[in-house]
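Protein chains in written order, with full-length UniProt numbering: chain P, 1 to 355; chain X, 1 to 355.
Rather than coming from a laboratory, the hints here were simulated on the basis of the structure. Note that the Cβ used here is the ideal one computed from N, Cα and C, for glycine as well. One or more of the hints may lead you astray.
Cβ-Cβ distance ranges computed for the label pairs, FRET-style [unchecked claim]:
{"#": "1", "chain 1": "P", "residue 1": "R355", "chain 2": "X", "residue 2": "H189", "range": "25 to 35 angstroms"}
{"#": "2", "chain 1": "P", "residue 1": "D308", "chain 2": "X", "residue 2": "A9", "range": "32 to 42 angstroms"}
{"#": "3", "chain 1": "X", "residue 1": "R51", "chain 2": "P", "residue 2": "G141", "range": "55 to 65 angstroms"}
There are 2 protein chains.
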Amino acid sequence: MTDPLATGATIGILGGGQLGRMLSVAAARLGFTCHIFEPGIAPPAAQVANRLTTAAYDDTAALTAFARDCDVVTFEFENIPTEALDVIEAITPIRPGREALRISQDRLTEKNFLQELGLKVAPFADVPDAEALARAVRDIGIPSILKTRRFGYDGKGQVRLSSESDVATALDGLAGAPAVLEGFVEFSHEVSVIAARGPTGEVACFDPGENVHRDGILHSTTVPARLSASQRTDAVLIAAKILNALDYIGVLGVELFVTPQGLIVNEIAPRVHNSGHWTQNGCSIDQFEQHIRAVAGWPLGDGSRYADVVMENLIGADMDKVPHIAREKDASLHLYGKAETKAGRKMGHVNRITR
Amino acid sequence: MTDPLATGATIGILGGGQLGRMLSVAAARLGFTCHIFEPGIAPPAAQVANRLTTAAYDDTAALTAFARDCDVVTFEFENIPTEALDVIEAITPIRPGREALRISQDRLTEKNFLQELGLKVAPFADVPDAEALARAVRDIGIPSILKTRRFGYDGKGQVRLSSESDVATALDGLAGAPAVLEGFVEFSHEVSVIAARGPTGEVACFDPGENVHRDGILHSTTVPARLSASQRTDAVLIAAKILNALDYIGVLGVELFVTPQGLIVNEIAPRVHNSGHWTQNGCSIDQFEQHIRAVAGWPLGDGSRYADVVMENLIGADMDKVPHIAREKDASLHLYGKAETKAGRKMGHVNRITR
Chain P
1 MTDPLATGAT
11 IGILGGGQLG
21 RMLSVAAARL
31 GFTCHIFEPG
41 IAPPAAQVAN
51 RLTTAAYDDT
61 AALTAFARDC
71 DVVTFEFENI
81 PTEALDVIEA
91 ITPIRPGREA
101 LRISQDRLTE
111 KNFLQELGLK
121 VAPFADVPDA
131 EALARAVRDI
141 GIPSILKTRR
151 FGYDGKGQVR
161 LSSESDVATA
171 LDGLAGAPAV
181 LEGFVEFSHE
191 VSVIAARGPT
201 GEVACFDPGE
211 NVHRDGILHS
221 TTVPARLSAS
231 QRTDAVLIAA
241 KILNALDYIG
251 VLGVELFVTP
261 QGLIVNEIAP
271 RVHNSGHWTQ
281 NGCSIDQFEQ
291 HIRAVAGWPL
301 GDGSRYADVV
311 MENLIGADMD
321 KVPHIAREKD
331 ASLHLYGKAE
341 TKAGRKMGHV
351 NRITR
Chain X
1 MTDPLATGAT
11 IGILGGGQLG
21 RMLSVAAARL
31 GFTCHIFEPG
41 IAPPAAQVAN
51 RLTTAAYDDT
61 AALTAFARDC
71 DVVTFEFENI
81 PTEALDVIEA
91 ITPIRPGREA
101 LRISQDRLTE
111 KNFLQELGLK
121 VAPFADVPDA
131 EALARAVRDI
141 GIPSILKTRR
151 FGYDGKGQVR
161 LSSESDVATA
171 LDGLAGAPAV
181 LEGFVEFSHE
191 VSVIAARGPT
201 GEVACFDPGE
211 NVHRDGILHS
221 TTVPARLSAS
231 QRTDAVLIAA
241 KILNALDYIG
251 VLGVELFVTP
261 QGLIVNEIAP
271 RVHNSGHWTQ
281 NGCSIDQFEQ
291 HIRAVAGWPL
301 GDGSRYADVV
311 MENLIGADMD
321 KVPHIAREKD
331 ASLHLYGKAE
341 TKAGRKMGHV
351 NRITR
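Please work from the sequences and hints to get the whole structure.
See the structure below:
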């Protein structure tokens, strides 16, 4: 697959959440149709997609039919079972590629990869068992944070070690899953770069955004971020280095800690990213269209920012604010159409144009 | 129906073309689901809508089931058969209301309505038959233009009278349909106002756009339009007068000729309008979301414009330009996902940010 996809082609999306939903709308804007593959019933993405397959990731027949219907397959989350990818890839291309998934599915692999690229990361140690944890605590110290190697998101799969007494029970919280101990980094703030790379190697980055988390979940992203000109350049160079090393096709999110010693890579996500939602109201081409352009082999958009924006997530009971936000000037609501509001569930976001 | 619709409610849309498609995406952004009713197979709107009914407008059972599924019904075109509206309205509200449809479905009714409001329109005369045509030509003169009272769009259903010799055969071209003769207006340019009114009577207008037509089809809309401050005020007042007179709920397009004697109303469209597509890239809330907000009883967006935009339609073979447009900076493509490219068919549009 080297030619750009023609309008009318079908893009498959693994995962039917809000990211798949916004990818589907962006794909439609370029004349593509979308086919969502999602085990859950009535996923948000299906409301704005052309076709839906409801099946488990081990349903080979469903995966095969899905892959045959799609000209290219992409995904909205990184924890897709390897076997499912094998079935799909035998039939149609997956973009971004397997290597990006292999690395980002495992925190230890990801940290080793970033370090080998010469990028700064927080101190870390492999924690396969209790003995290794004791050793890691000696090396890295406390406070530190124990994270499962796989399947963590939005603060899940993490235990914070604040004192020696936390160490003994820390592994219990992870139910025996292999883990990584990470040292704390003294950072002034966190930024993220939403970067894209096309199949011909062209790279385009959106302006870095400044992130605020609450309870382990992204609360807001503000552009422009507080960064010096040289920090801004560094952020883009770091993202480009990662994209090129992975021979990446699509949009990638890179979270960075800003410290006096430079930018430290927190983590990468091989997909569109919550901290890039501001691009929907600040750029001619948003992160979702940028991703679709890349996976479809279209030229990337330039990603220039023409407005200052604050993106705020609407989580759980934040939905009660919607009637008020609807009355605000210069506020764009983006709701996800989820049937049930739950504490901690991302229900939507609002982009406020501040200048 | 007086309370605002809650997210999760279903909005029915009569018509599955590009306007229905963009309405559906806007509705999803506010957390609504859409149900499209369209006689044609595989309509563009269905690609981004939650549900589709494929049935004719005289299929009472299908209309009934559709209406029962919808909390409110709106439409993307004005020529919906009255009987279909009767079936739907017995079950669920239709917004904008029947009066707006009754008036805009018939050029003669529309012109009388506008004139009775005290607005300027081009000279016109009722032409039920050949005798009336001869009389109308004496009164209005030549050049003039003969238009069917009903079902005209994009230059269809029109015969231009350039000389006396055109008169004899003019009615043949309309196949006996009741018609209106319109005099030509000497205008410098055409503008349109995309205006909205909510159920509580609040009115919001987007900045007027300047339209260029080619072969009877809209070619481009440019904002800002060339208008003096007082012309701009007049345009908005005219639109508001029409909205209030119709007790209108939703977005309405008003086409105006700019003349030394003031603004003359060309025609009105009780729906989102091609000349309002620029709002997708120049405003926090576009005409599609504005329409959905109005019909859902939500507060209207303020419609402020934060960019200069030129919207250009992509018609028929213009689709060949898409690969080039995709490489342009500050150009947003909006393609409609139509299976077949035909001469004169609207296939998409591009919004170019010019400042």
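Checked hints:
Checked against the given bound of 25 to 35 angstroms, the beta carbons of R355 (chain P) and H189 (chain X), roughly 32 angstroms apart, stay inside it. One distance hint, 32 to 42 angstroms for the beta-carbon pair D308 (chain P) and A9 (chain X), holds here, with the actual separation near 33 angstroms. Against the hinted window of 55 to 65 angstroms, the Cβ-Cβ separation of R51 (chain X) and G141 (chain P) comes to about 57 angstroms, which satisfies the hint.
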